[in-house]
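Protein chains in written order, with our numbering: chain D, 1 to 151; chain G, 1 to 436.
Source of the hints: derived by calculation from the structure; they are not laboratory data.
You may find that some hints are simply not true.
[Claimed, not checked] Below are the EDC-like pairs computed for lysine to aspartate or glutamate, each with C-alpha atoms no more than 16 Å apart in a straight line: (1) G:Lys331 x D:Glu141; (2) G:Lys182 x D:Glu95; (3) G:Lys127 x D:Glu55; (4) D:Lys115 x G:Asp138; (5) G:Lys290 x G:Asp323; (6) D:Lys103 x D:Glu136; (7) G:Lys155 x G:Glu117; (8) D:Lys19 x G:Glu335; (9) D:Lys19 x G:Glu131; (10) G:Lys182 x D:Glu37; (11) G:Lys62 x G:Glu194; (12) G:Lys127 x D:Glu136; (13) D:Lys13 x G:Asp138; (14) D:Lys13 x G:Glu131; (15) D:Lys19 x G:Glu117.
[As the list claims (entries may be wrong)] Residues of chain G placed beyond 10 Å of chain D at every Cβ, according to the derived structure: (16) Leu30; (17) Phe34; (18) Pro59; (19) Glu85; (20) Glu117; (21) Arg123; (22) Glu125; (23) Lys182; (24) Leu188; (25) Asn201; (26) Gly268; (27) Ile280; (28) Arg306; (29) Ala329; (30) His339; (31) Glu340.
All of these numbers come straight from a predicted model, not from anything done at the bench.
C-beta atoms are modelled at their ideal positions from N, C-alpha and C, and glycine is treated no differently.
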Amino acid sequence: MSTFTFTPLIEDKFLNLQKRYPQPQSLMLPALWLVQEQEGFISTDAMEYVALRIEVAPIEVYRVATFYTMFHLEKIAPYHIEVCKTLSCKLCGEEKLLEYIEKMTAGSDKFKITKVECMGACGGAPMMALNGVYHENLTNEKVDQIIGAIL
Amino acid sequence: MIVKIVSKKFDITDAHTLQVAKEQGAYSALESAFSKTPSEIVEIVTQSGLRGKGGGGAPTGKKWSLMPQKGDKPHYLIVNGDESEPGTFKDRQILQYDPHLLIEGIIISAYAMNASEAYVYIRGEYKFFIERLQGAIDEAYAANILGENSTLKHKVNITIHRGAGAYICGEKTALIESLEGKRGHPRLKPKKPEPEFYFGNPATVNNVETIATVPYIVENGADAYRQYGTEKSPGTMLFALSGHVNNPGVYEMPYGSSLLEFINEIGGGVRDGKKLKAVIPGGASTPVIKANEDLACVMLDYESMRNVGSSLGTGGAIVMDEDTDMVEALKNLLEFYHHESCGQCTPCREGSGWVDNIVGAILDGVAKKEDLDTLLDVAKTMNGKTICVFAPAVSGVIEGFLKNFRDEFENYIETGRYVKTHVDEITEVACQTSLE
Numbered sequence: 001m002s003t004f005t006f007t008p009l010i011e012d013k014f015l016n017l018q019k020r021y022p023q024p025q026s027l028m029l030p031a032l033w034l035v036q037e038q039e040g041f042i043s044t045d046a047m048e049y050v051a052l053r054i055e056v057a058p059i060e061v062y063r064v065a066t067f068y069t070m071f072h073l074e075k076i077a078p079y080h081i082e083v084c085k086t087l088s089c090k091l092c093g094e095e096k097l098l099e100y101i102e103k104m105t106a107g108s109d110k111f112k113i114t115k116v117e118c119m120g121a122c123g124g125a126p127m128m129a130l131n132g133v134y135h136e137n138l139t140n141e142k143v144d145q146i147i148g149a150i151l
Numbered sequence: 001m002i003v004k005i006v007s008k009k010f011d012i013t014d015a016h017t018l019q020v021a022k023e024q025g026a027y028s029a030l031e032s033a034f035s036k037t038p039s040e041i042v043e044i045v046t047q048s049g050l051r052g053k054g055g056g057g058a059p060t061g062k063k064w065s066l067m068p069q070k071g072d073k074p075h076y077l078i079v080n081g082d083e084s085e086p087g088t089f090k091d092r093q094i095l096q097y098d099p100h101l102l103i104e105g106i107i108i109s110a111y112a113m114n115a116s117e118a119y120v121y122i123r124g125e126y127k128f129f130i131e132r133l134q135g136a137i138d139e140a141y142a143a144n145i146l147g148e149n150s151t152l153k154h155k156v157n158i159t160i161h162r163g164a165g166a167y168i169c170g171e172k173t174a175l176i177e178s179l180e181g182k183r184g185h186p187r188l189k190p191k192k193p194e195p196e197f198y199f200g201n202p203a204t205v206n207n208v209e210t211i212a213t214v215p216y217i218v219e220n221g222a223d224a225y226r227q228y229g230t231e232k233s234p235g236t237m238l239f240a241l242s243g244h245v246n247n248p249g250v251y252e253m254p255y256g257s258s259l260l261e262f263i264n265e266i267g268g269g270v271r272d273g274k275k276l277k278a279v280i281p282g283g284a285s286t287p288v289i290k291a292n293e294d295l296a297c298v299m300l301d302y303e304s305m306r307n308v309g310s311s312l313g314t315g316g317a318i319v320m321d322e323d324t325d326m327v328e329a330l331k332n333l334l335e336f337y338h339h340e341s342c343g344q345c346t347p348c349r350e351g352s353g354w355v356d357n358i359v360g361a362i363l364d365g366v367a368k369k370e371d372l373d374t375l376l377d378v379a380k381t382m383n384g385k386t387i388c389v390f391a392p393a394v395s396g397v398i399e400g401f402l403k404n405f406r407d408e409f410e411n412y413i414e415t416g417r418y419v420k421t422h423v424d425e426i427t428e429v430a431c432q433t434s435l436e
């Protein structure tokens, strides 16, 4: 049995969303997002809990949680930097940007850096997302400011 | 060249708030919409020639008319905001600058199709844009524009459904699978045209920009929309520029505008005064066009793009300058497809990895001459043998690169490195087709 539960705040959000869908299965992604919002990642324990709440088998939740790349299946560092590597960003200097970011954050365990596919910010290339917040048209100076504030 | 229909309020400060949006005319199309019957609205949209703006270009009115007229099953409107095609960043402009336009479009479209629940599926990475739209939705609920307490003739609920990082969920049936709580695996296509189904109930999937165009058409009539664009591609679209261009961004223009003028005049030309080498015209999945005299006559509409062996796609053009290594560019795109193949169909799952490896070997200088034939052979096998158009698109991408830049691939195999090829300046040519 799962020992996981939603906090009262998250439970409220879940119940509000529940009213919007004709079948509980539709709450799969919303529920997984809520778990990640609460815990920062999605444990198998939480998956079992979600399965119970949306009336599917636990394996179905596992299937979905492992399909979508934005779900973290284990705890990650507090600052998640995603650098877009797809064509428009690559043409505009993604590799140099990534190298700079990696050099700057080397030795710190506060960061997780991921190379990701197109983030839909092609007009602002090169770009990164820091904990989901987009930073576009990046230069080394801008990176200094953004990451420097955390270091 | 610029015509502002969907982007009318993009430059107005705080137009994302209900107050400013209303001052600027938001929700004014509702009165006109509710004075008509739902089928009259479907008719106007059909007459306008509005085509889906998510990449496929299917006629919107025709799609809507597939929704059943009878029966007691609930109808659903699903808005596709999964915008994940590399080179495409247009729907986010609507979500950021004019979310109330989308809400207005949803209300009218839902009324036309007798849907009282609408879902807007937005890619998970668009956190800010999701919050923007949610803010506007909350305001619309508070002002009794949406929901049970709506004072309008047709009551609609709008729910944002956040994706979680799967490109394939932009494919409409994969999107519905995802909305139903499953992996984003595209569904088999029906033999005859029929609506989509969400838990067995009729549903229509339309792109964000398509829905945002509806208020203008309903308020001003089909002819007003048809005054822009071409006979077969009427109206306007949000075209995007990225890559080696001076002014990247999103610009609304009529269909049939010149691609080269778009790059040179609106885009400010290629960066650093370099020459243009190639353009991927409508998102990564559209075959690359080589910069030569033919390109000078390419227009931004479905028909013109087809004539040069490419496609208009999402209208997001990626510009490449004379120094671009085309082998590296193709490798970059194939990595994307390798990563994003949903894995459902074998030719795609295996093929996308195989082609990525072959081009990787070319880049690493360990490929043989016959590998190019293998590459084309695998590309051919990927085409037409899968459930959705993902694999055929990969196939077209590979063929486009090899058709136009085969010499670069051969040079690479021979020498193991990038050899710069000569790029001609595009000279002025008289084009046969031009926008009237």
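Hints and how they fare:
Of the supplied pair hints, the one linking Lys331 of chain G and Glu141 of chain D is violated, its CA atoms being roughly 30 Å apart against a limit of 16 Å. A hinted pair counts as satisfied when its Cα atoms are at most 16 Å apart, and Lys182 of chain G with Glu95 of chain D does not qualify at roughly 35 Å. Taking the CA atoms of Lys127 of chain G and Glu55 of chain D, the gap is near 28 Å; set against the 16 Å cutoff, the hint is violated. Distance check on the hinted pair: Lys115 of chain D and Asp138 of chain G sit about 34 Å apart at the alpha-carbon level, beyond 16 Å; violated.
With a CA separation close to 14 Å, the supplied pair Lys290 of chain G and Asp323 of chain G stays within the 16 Å bound. In summary, the hint linking Lys103 of chain D to Glu136 of chain D is not supported, as the alpha carbons are separated by about 19 Å, beyond the 16 Å threshold. Among the hinted pairs, Lys155 of chain G with Glu117 of chain G is consistent with the structure: their alpha-carbon atoms are about 9 Å apart, no more than 16 Å. This hinted pair does not check out: Lys19 of chain D and Glu335 of chain G have alpha carbons roughly 40 Å apart, beyond 16 Å.
Restraint check for Lys19 of chain D and Glu131 of chain G: not satisfied, since their Cα atoms lie roughly 20 Å apart, outside the 16 Å limit. A distance of roughly 20 Å separates the Cα atoms of Lys182 of chain G and Glu37 of chain D; the hinted pair therefore is violated under the 16 Å criterion. Taken as a hint, the Lys62 of chain G and Glu194 of chain G pair is honoured in the structure, with Cα atoms around 10 Å apart against an allowance of 16 Å. Taking the CA atoms of Lys127 of chain G and Glu136 of chain D, the gap is about 15 Å. The hint holds against a cut of 16 Å.
Taking the CA atoms of Lys13 of chain D and Asp138 of chain G, the gap is near 14 Å; set against the 16 Å cutoff, the hint holds. Restraint check for Lys13 of chain D and Glu131 of chain G: the C-alpha separation of about 15 Å stays at or below 16 Å, so the hint holds. With a CA separation close to 11 Å, the supplied pair Lys19 of chain D and Glu117 of chain G stays within the 16 Å bound. Non-interface status of Leu30 of chain G relative to chain D is upheld: no Cβ of that chain comes within 10 Å, the nearest being about 23 Å off.
With a minimum CB-CB distance of about 24 Å to chain D, Phe34 of chain G clears the 10 Å threshold, and the non-interface call stands. At roughly 26 Å from the closest C-beta of chain D, the C-beta of Pro59 of chain G stays outside 10 Å, upholding its exclusion from the interface. Residue placement check: Glu85 of chain G does not keep its beta carbon more than 10 Å from all beta carbons of chain D (closest about 8 Å). Residue-level check failed: Glu117 of chain G sits 7 Å from the nearest beta carbon of chain D, not beyond 10 Å.
Under the 10 Å C-beta cut-off, the non-interface status given to Arg123 of chain G relative to chain D is violated; the minimum distance is some 7 Å. Here Glu125 of chain G does not stay apart from chain D, with its beta-carbon only about 5 Å from theirs, under the 10 Å limit. With a least beta-carbon separation of about 7 Å from chain D, Lys182 of chain G fails to lie farther than 10 Å from that chain, contradicting its non-interface assignment. Residue-level check passed: Leu188 of chain G sits 19 Å from the nearest beta carbon of chain D, beyond 10 Å.
Distance to chain D contradicts Asn201 of chain G as a non-interface residue, since its nearest Cβ pair spans about 7 Å, not more than 10 Å. Under the 10 Å C-beta cut-off, the non-interface status given to Gly268 of chain G relative to chain D holds; the minimum distance is some 13 Å. In this structure Ile280 of chain G is not separated from chain D by more than 10 Å, as the shortest Cβ-Cβ distance comes to only about 8 Å. Against chain D, the non-interface label of Arg306 of chain G holds: every CB pair exceeds 10 Å, the least being about 23 Å.
Distance check for Ala329 of chain G against chain D: the nearest CB is about 6 Å away, which does not clear 10 Å, and the non-interface claim fails. At roughly 6 Å from the closest C-beta of chain D, the C-beta of His339 of chain G falls inside 10 Å, breaking its exclusion from the interface. With a least CB separation of 7 Å from chain D, Glu340 of chain G falls inside the 10 Å interface cut-off, contrary to its annotation.
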